[in-house]
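S.K.: Residue numbers (this note's numbering), protein chains in the order written: chain A, 1 to 324; chain B, 1 to 324.
I should point out that these hints are in silico values taken from the structure, not numbers from a laboratory. There may be inaccurate statements among the hints.
[As the list claims (entries may be wrong)] Simulated restraints on C-beta separations:
#	chain 1	residue 1	chain 2	residue 2	range
1	A	Leu-204	B	Thr-309	46 to 54 Å
2	A	Pro-83	B	Ala-171	50 to 58 Å
3	B	Phe-116	A	Arg-198	39 to 47 Å
4	B	Thr-155	A	Pro-219	53 to 61 Å
5	A	Phe-81	B	Asp-133	44 to 52 Å
6	B	Thr-309	A	Arg-210	42 to 50 Å
[Stated by the list, open to error] Pairs of lysine to any residue, SDA-like flavour, derived with a Cα cap of 25 Å:
#	chain 1	residue 1	chain 2	residue 2
7	B	Lys-156	A	Arg-321
8	A	Lys-156	A	Asp-136
9	A	Lys-156	B	Pro-322
[What the hints assert, rightly or not] Examples of chain A residues toward chain B, derived with CB under 8 Å:
#	residue
10	Ala-28
11	His-32
12	Tyr-39
13	Gly-54
14	Gly-131
15	Ala-316
No residue lacks a Cβ here, since even glycine has one placed at the ideal position from N, Cα and C.
There are 2 protein chains.
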Amino acid sequence: MSETSRRTVLTAAAVVAACPFAPAHAAAPPVHRQAPGFYRVRIGDHEVTAVHDGVWLRPIGADFVRNADYRDVQQALTAAFQPPDRLPVPFTPLAVNTGRRLVLIDTGTGGQFASFAPQSGTWAENLAASGMDPADIDAILISHCHPDHINGLKTKDNALTFPNAEIFVAAPEWDYWMDDANLSGASDTARPQFLNARRIFRDLADRVTRFSPGRELVPGITSIAAHGHTPGHTVFAVTSGNQSLLVLGDTSNNPYLFVRNPQWQAIIDIDGPLAAATRMALLDRAAADRMLVHGYHFPFPALGTIVRTANGYDLAPAMWRPQP
Amino acid sequence: MSETSRRTVLTAAAVVAACPFAPAHAAAPPVHRQAPGFYRVRIGDHEVTAVHDGVWLRPIGADFVRNADYRDVQQALTAAFQPPDRLPVPFTPLAVNTGRRLVLIDTGTGGQFASFAPQSGTWAENLAASGMDPADIDAILISHCHPDHINGLKTKDNALTFPNAEIFVAAPEWDYWMDDANLSGASDTARPQFLNARRIFRDLADRVTRFSPGRELVPGITSIAAHGHTPGHTVFAVTSGNQSLLVLGDTSNNPYLFVRNPQWQAIIDIDGPLAAATRMALLDRAAADRMLVHGYHFPFPALGTIVRTANGYDLAPAMWRPQP
């Protein structure tokens, strides 16, 4: 391509050879199967596994970001090569094997989003493909009580998914969702979330440890208050030796919108201004310290680093490695 | 985190709870196994599978980029969260099932880089995990004859990997490597590449179809001249219906260096200025047309889109989807 130009390239691509093709062999049939959705990294002595629960292609409208012009939201999605009115919302719980405990951070949808998110609910299958068993999980840390984070505690039929697990929920988060006054004052859109949290935890309360954010919950995993998205939203620092991973939960939903525009307040942030302040503080810390981060709604495997940009931040996805 | 600040976050993270931990369960043992390295997308009616052959962490020095200050190269790697003197060079051949033919684009290292790249050579294992068999591949398109693209045609023991495949090599590429005058005039670093190409093709010449770049080689896959990296370097447009994928081969090595700085000329580009001109033309087309691209040395799964930046381009990795 010594006289390379866009015209040359386009012309070449359009050429259809006049000569006959070699005899067509019978190709093997297509496989129609994606790789299993898990990915492993080491953080010091901890083995960390991101386990995909699929994706919800969420229809959005002008109300989705409270404090941005809808055209700017659509432009941000288009710039990220996404449709302008459907937000890809992947779900990726994290398993951390500390050597002493096998800890799960958030639990996915439990297959209970199938009616509106048919590409979700793949977590159990991916966990099995990753070589792990729900019965081996002995601690579960909940970032907050929205359905896509807690529903995996139970199956569709209300059976326990994790027979041997202690469950950790931040006290302010538990108190918010279990408060009868909050339920009776809830909006029509919020009420199902209150009822869902009660359904999930109804017969699990004696397994739940409520904690004050800031506590180290299991050796090597410390909770950090990150309130705003929900009143008790909590994130986690996973550390071993001199390595660490900041597990951001829902500090940012899809990063194409909320990492790139951290001041934007989603309709799903219960306290929008506080959520944005928390987001900016955590992203700022992650960028300054060049920390590996995990975002529950980041593109699978939901791991990367945060870089500062002129207007906010960006996610630099972690480079896939063939060995954990 | 109502009074959020970096100090608050850091302090919270450092807190170690004074209360005793719950009794430690015996965690399940770590799994020590990565997910299989394949990833599938559909391009119209074609099923495309990226199959990872692992990564070479290539030591580099001041000579690696001919026309850049080494400090700028190191800074580019640091900005990409990579070590400043080791370039991650992943290898990702592509399989395209057109329904009529199962076509492979480049073949990987054939496990022959193990002595200096111990994390490479995983292709055969990943192909099997993806549900495909080397015996089912009936056409192989070679972008160019560097060892990491052709060695997979043979095993370490010189046996044929693909018993039923027709092999397509661009005529100018074939002629360059098979020319005795080029071999005898080759530098000490280039000579092994000439000898390697002859070793690989020695008993395969009757299976090789030499073509003029621009030809459609199998229905739905057209070759495009992209010379410079090697004299006959060729890329491919995979099209079906209104969808397409531009397979860039070695138009750019690691994108953190050569997509972000397309004018840089690597020591491995045989004609540096032509390689850079070809690269800029193809990246410009890909960005303008918002094309899905595949880069042989891009981070796995080696798929994404090209976006223009102030100084060049950047790779926006494709978002992982749970269904092909």
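S.K.: Determine for every hint whether it applies to the structure shown.
M.R.: How the hints compare with the structure:
no., hint, result
1, A:Leu-204 x B:Thr-309: 46 to 54 Å, "holds, 49 Å"
2, A:Pro-83 x B:Ala-171: 50 to 58 Å, "violated, 43 Å"
3, B:Phe-116 x A:Arg-198: 39 to 47 Å, "violated, 59 Å"
4, B:Thr-155 x A:Pro-219: 53 to 61 Å, "violated, 47 Å"
5, A:Phe-81 x B:Asp-133: 44 to 52 Å, "violated, 33 Å"
6, B:Thr-309 x A:Arg-210: 42 to 50 Å, "holds, 47 Å"
7, B:Lys-156 x A:Arg-321, "holds, 24 Å"
8, A:Lys-156 x A:Asp-136, "holds, 21 Å"
9, A:Lys-156 x B:Pro-322, "holds, 21 Å"
10, Ala-28, "holds, 4 Å"
11, His-32, "holds, 7 Å"
12, Tyr-39, "holds, 5 Å"
13, Gly-54, "holds, 5 Å"
14, Gly-131, "holds, 4 Å"
15, Ala-316, "holds, 6 Å"
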